[in-house]
Amino acid sequence: MPETLTTPATAARAAVRRRPAGWRTWALYLGVTLGAAAMLFPFAWTVITSITPRGSLAGGPSLVVEDPTLDAYRTLLDALPMLRIVANSFGVAVATTLLQLVTGSMAAYAFARMTFRGKDVVFGLYLATLMIPLQVLVVPLFIEMTRLNLNDTYFSLLAPSIASAFGIFLLKQAIEGVPRELDEAATIDGAGHLRIFATIIVPLIRPALATLAVFAFMSSWNSFLWPLVVIRSPELMTLPLGLATLKGQFTTEWDVVMAGSVVSIVPIALVYLLAQRHIIAGLAHTGLK
Amino acid sequence: MAQMTSVASAAARDGQGARRPSARGSVARRRGRRNSLWVLAFLLPSAIPLVLFTLAPMAGSLWVSLHDWNLISPMTWAGLDNYTSLLTAPATRRVFGHTLLYIVGYLPLVYVGGLGLAMVLNRAFRGRSFFRAAYFLPVVTSWVVVALVWQWLLNPNNGIVNTVLGFLHLPQPGWWTDPAWSMASVVLASAWKDLGFVMVILLAGLQAIPADVQEAAWVDGANAWQRFRLITLPLLSPSTFFVLVISLINGFQVFDQVYVMTGGGPAGSSQVVVGQIYDLTFRYGRAGEASALSWLLFVVILLITALQMRGQRRWVTYA
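Those protein sequences? They're chains R and Z, same order as listed. All letters in the first sequence, in the order written, are residues 1 to 289 by the working numbering. All letters in the second sequence, in the order written, are residues 290 to 608 by the working numbering.
Looking at chain R on its own, in the form it has when it is part of the complex (with noise of 0.2 Å):
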């Protein structure tokens, strides 16, 4: 037990900062160090691959390049259109996740904060969206956008993400976590849902909404089945069809694969990366006290 402090929260803090530097830390760092090495593993590998001369590749990988090069690069350039199919993909990514951010703030605010009759029900469909394997809903889904017209379009490329359930999901969670007091306050200010909304709750959950910016982003990176399906132009080709249709082609040369691989990885990486500070800003202050 503590001792009489005269101020707890600074006393509380002080000692947090006063512990020292023993075998616990280190413990920590080579704890967290030994883990990140077998996260990053696979990653180094990838680059590793992709610049190894391609002869010497058949006696498996090896960690060590004798002499780098940057072939599988240039091959995948002469391959593929990489500049068009790369800003397809951004593109689309980008727009994905403008669209879910948009319209999943607003449905977790309906379902957080407001009432109405058959909530449940109709949270439930929602939900309900997550369930069924995206596999056996191409097939309808395809005869749907041939009798729109909508095949083979950037339309149809993210058509079916416009909204995630699951960016709806994660967004209500955290405006549940957002005290009720705060809306409560504003509400006898005279503000209504839209300035709740807007001036309250969005900055609040910033950390969410940058968790599902990425995720978001990344979904939309990494699809490929329903590209697969819909897309037939060469010109609207994403990333994954051209890493796709490079495996057919390059079967066994892994260097250009994986440099495929790094031209896919890396992007999403800096969006993680930029993404980041506002997942760790967090909640610094509520404005509850």
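Treat the hints as calculated values from the structure; they're not laboratory data. Remember, it's a predicted structure, so these values are computed and weren't measured experimentally. Hints are not guaranteed to be accurate.
As the list claims (entries may be wrong) - Here are the computed distance ranges between Cβ atoms for each label pair:
no., chain 1, residue 1, chain 2, residue 2, range
1, Z, L390, R, E66, 35 to 45 Å
2, R, R54, Z, L537, 40 to 50 Å
3, R, P179, Z, D509, 15 to 25 Å
4, Z, L390, R, P68, 38 to 48 Å
5, R, T187, Z, G368, 47 to 57 Å
6, R, E66, Z, D357, 52 to 62 Å
7, Z, L537, R, R84, 34 to 44 Å
8, Z, R602, R, A269, 38 to 48 Å
9, R, P234, Z, P555, 29 to 39 Å
10, Z, P468, R, P234, 39 to 49 Å
11, Z, P468, R, E184, 58 to 68 Å
12, R, N149, Z, G574, 22 to 32 Å
13, R, T187, Z, W366, 53 to 63 Å
Said to hold, decoys possible - What the simulated footprint calls covered on chain Z by chain R, stretch by stretch (three residues with Cβ under 8 Å from a Cβ of chain R suffice, anywhere in the stretch; the number is not a length):
no., region
14, 337-345
15, 406-416
16, 419-426
17, 430-438
18, 520-534
19, 587-601
C-beta atoms are modelled at their ideal positions from N, C-alpha and C, and glycine is treated no differently.
Here the structure of chain R is known, so what remains is to put chain Z in place on it, guided by the hints.
The following block gives chain Z in isolation, referenced to the frame of chain R:
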């Protein structure tokens, strides 16, 4: 201690909030109409695309499940035949068994691991942004790459894992080449890849716990374990709930990693429900049966999610 439990349970009280008693009926009705307009305004942007591009195809697949269809020639009516034959087929029980095995192995690994990581990476220390990014990298890496690497790590002859096991004089399993171990290999690779996903969600949840609550508990003399059990876990429960519901929904639909790592083999030992659905549709042209199997899967997931939703009142704490 008592104070802390009461803080948690006070926060746990019914989340609905009290409805304001309305003075006059007509005012309430007008307010009610305006309220429902607001509800529509907030819900329609997501409801319209979900109905058009998810619920409509779902209804379509239900229709397909009542037919025999090879994707090319016209459908022929089959009634409930697809369902009755699936319910009696031993393959159905087998693929559901493999899927359950996957979930039972995967869920504890990824939750406990993700929570541990989130707790560690929520502490202030130098370089933690780097570590957070490092642990997230597998999440964004494509399954094709991850599967290749894990096949190599778990190679029964010269893989790193078996080399280490041999060095320690432990048994060296055949991993993905052995029917008894193929599912375990998939579980290991999946848990490794998704650890960062769970970590990020729980990290966002941890960030939302006000520091003053932890400090107050510390001042009250709670030790680290008590703070974890009585403050962190209850206040993290909305995030935990989310992770559990989503992981179960996704777990039942496990497919990509199985497809690229083992292709359902060896000898069908790692064939999962969605793998079966995929093969039925795109390899054997039995779209009707595939749709029926999807709807069986849907009902299972729906029941489990509904149970979780009903159970959440018991343990999930909302502000």
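Do the hints match the structure? See the list:
For the hinted restraint 35 to 45 Å between L390(Z) and E66(R), the CB-CB distance of approximately 43 Å keeps it satisfied. The hinted range of 40 to 50 Å is satisfied by R54(R) and L537(Z), whose Cβ atoms lie roughly 44 Å apart. Distance hint check: the CB atoms of P179(R) and D509(Z) are about 21 Å apart, consistent with the given range 15 to 25 Å. In this structure the hint that L390(Z) and P68(R) lie 38 to 48 Å apart at CB holds, the actual value being about 43 Å.
Range check, T187(R) to G368(Z): Cβ separation about 55 Å, and the 47 to 57 Å hint holds. Checked against the hint of 52 to 62 Å, the C-beta distance between E66(R) and D357(Z) comes to roughly 58 Å, which is consistent with it. As the Cβ distance of L537(Z) to R84(R) is approximately 39 Å, the hint placing it in 34 to 44 Å holds. Taken as a hint, the range 38 to 48 Å holds for the pair R602(Z) and A269(R), whose Cβ atoms sit roughly 40 Å apart.
Distance hint check: the CB atoms of P234(R) and P555(Z) are about 37 Å apart, consistent with the given range 29 to 39 Å. At roughly 41 Å, the beta-carbon separation of P468(Z) and P234(R) lies within the given 39 to 49 Å, and the hint holds. Our hint of 58 to 68 Å for P468(Z) and E184(R) holds, since their Cβ atoms are close to 60 Å apart. Evaluation of the 22 to 32 Å hint for N149(R) and G574(Z) yields a pass: the beta carbon distance comes to about 26 Å.
Remark: the range hint 53 to 63 Å for T187(R) to W366(Z) is upheld by a beta-carbon distance near 56 Å. Against chain R, the region 337-345 of chain Z contributes 7 residues with a C-beta closer than 8 Å to a partner C-beta. That satisfies the three-residue criterion, and the hint holds. Given a C-beta distance limit of less than 8 Å, the hint that chain R covers the region 406-416 of chain Z holds, as 5 residues qualify and 3 suffice. For a cut-off of 8 Å, the count of residues in the region 419-426 of chain Z with a CB near a CB of chain R stands at 8, and the three-residue condition holds.
Counting residues of the region 430-438 of chain Z whose CB lies closer than 8 Å to any CB of chain R gives 6, which reaches the minimum of 3, so the coverage claim holds. For the region 520-534 of chain Z, the proposed coverage by chain R is satisfied: 5 residues have a C-beta within less than 8 Å of a C-beta in that chain, meeting the threshold of three. Interface restraint, the region 587-601 of chain Z with chain R: holds (6 residues with C-beta to C-beta distance below 8 Å; minimum three).
The structure shown violates none of the earlier numbered hints.
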